[in-house]
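*Asks:* Chain by chain, the residues run as shown.
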Amino acid sequence: MTNKPFSVTVGTVTRELPTIQVGEMGRVPLVELIGDVEFTSAVADALRPLLPPETEVMLTVVTNSLPLTHALSERTGVPYVVVRKKRRTYMRDPLIQEVPSMTLGVNETLWLDGRHASSLKGKRVTIVVDVVASGGTVEAMQRLVDRAGGQLVGCVAAFRQGEPKMPVRYLQELPKMI
Amino acid sequence: MKTYSVQVGDVRRELPVVEVAPGVSVALFNMLGDTDVTEAAGRELAARLPADIDTLVTPEVKAVPLAHVISRYSGKPYIVIRKTQKPYMVEPVVREVVSITTGKPQILVLDGFDVDKIRGKKVAIVDDVVSSGGTLRSLTGIIEEVGGTVAAVVAVFTEGDERPEVLSLGHLPLFK
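As given, the protein sequences belong to chains A and B, one line each in that order.
Here the first sequence stands for residues 6 to 183, numbered as in this note's numbering.
Here the second sequence stands for residues 278 to 453, numbered as in this note's numbering.
Calculated from the structure, these hints are not laboratory results.
Every residue, glycine too, gets a C-beta built ideally from N, C-alpha and C.
Any given hint might turn out to be false.
Counterexamples of contact, computed for chain A against chain B with all Cβ distances above 10 Å [claimed, not checked]: (1) 42; (2) 138; (3) 181.
In the DSBU-like style, the derived pairs of lysine-lysine whose C-alpha atoms are separated by at most 30 Å in a straight line are [said to hold, decoys possible]: (4) B:360 with B:398; (5) A:91 with B:363; (6) B:279 with A:90; (7) B:360 with A:91; (8) B:398 with A:128.
Whole structure, please, built from the sequences with the hints as guidance.
*Replies:* Right, here's the structure in full:
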C-alpha cells in the first residue's frame, strides 16, 4: 500500500496533510486548521476576497472552522455567529435543525441559540466553513438562516472536498480519495 | 434584565445575569463570536504568559478562538482537547469528567497525534472561565498522563471562589 503524502499550498504556506484510511477504498486527505495559526492566517488572507462584500454577519459551525472564522472576522470587522452541535444549558428558544444523513445511521443536529438567531434577522449572512464535502451541513445552516429571518448571500469554504448542491466559493479542491 | 459589567483590555461588556439553579445566578460570559473581546483577551493573556511555556492546551469549544489569538501573539503552538472521539484519531487518550454546568458526564479526548507536542513539555491550559475547576482537573490529568507538566493556567475570568493560581483578567462573582 502506498502512503503518499498529500500537500496543499495557500499563499506562501505549504502543509502536508495527514491522510486516513477509509475501508479498502483509499485514503482521505484531512485538513486541520486547528492549532495552526500560520496556515489559518494564510487561508484567511486568501479567503477574504471571496467573502461577499455585502455580508453583515458570518455564520459558522463548531469546531474546526472557528479559528478561520475568527481570523476572517478580525480582518473584515464582520461579526460571526456559531452553530453548535449540542444543546447548551444557556440556550433560549434555540432553533434546531437536522442535518440530512449522509452516512447510514449517523445523524447530526445543529443548535442555534435564540439570541443568536435574532442577530441574523434581517441581515445579509454568509456561511463560512473550512471544508465543504457533501454539503449536508451547509444546507442545514442555510435552513437555519432562513428560519432566523436572515438573507443568505453566500457560502465560502477554504476547501471543497465533494459535490455540494449549494454554490460554494472556495480556494482549492481536494480529492475525496487518493 | 440584570447585567454585570466587565472590562477585558480596552473592551467593556455588560454580561447578562442568569439563574442557573434555584437562588443562584451567574454572569454569562460567552466570547464565542465576540471578536473584539477575543482579540483583547488574547493580547492581554499572551503578555502575561510565563516565558518558559512550550505549548498551549485548550478544551473544545468556547476558548478555541482565544487560544488561536494567544498563540498568534506569543508564537506558542496550541492544541485542542476534544469532547468527542473522532474516527480519524490515532490512539486517543480519553478521560471522563462530570460537567458542573450540564451535570452530565462528558469525555475529554486527546488525539494521539498531539501526544508528542505535550510529552516532556511545559503546558499552559487556556480557558474562557475557570469555575469549579472540574474541567481543569481532567485536563491536568490527561496532560500528566502523557508526560506533560501543567506550568500555568490562563483564563479570561475566574468564577465563584478566588483562584490565585490562575492567571486571569478578572473575576466573576456568583449571585445568591
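*Asks:* Now tell me, hint by hint, if it's right for this structure.
*Replies:* Outcome of the hint check:
1. 42: Residue 42 (chain A) is in fact no farther than 10 Å from some Cβ atom of chain B, at 5 Å.
2. 138: holds, 13 Å
3. 181: Residue 181 (chain A) is indeed farther than 10 Å from all Cβ atoms of chain B, at 14 Å.
4. B:360 with B:398: The given pair, whose Cα atoms are some 23 Å apart, holds under the 30 Å limit.
5. A:91 with B:363: The given pair, whose Cα atoms are some 15 Å apart, holds under the 30 Å limit.
6. B:279 with A:90: Holds. Residue 279 (chain B) to residue 90 (chain A) sits at ~29 Å (cutoff 30 Å).
7. B:360 with A:91: Between residue 360 (chain B) and residue 91 (chain A) the Cα gap is close to 11 Å, so the pair holds against 30 Å.
8. B:398 with A:128: violated, 46 Å
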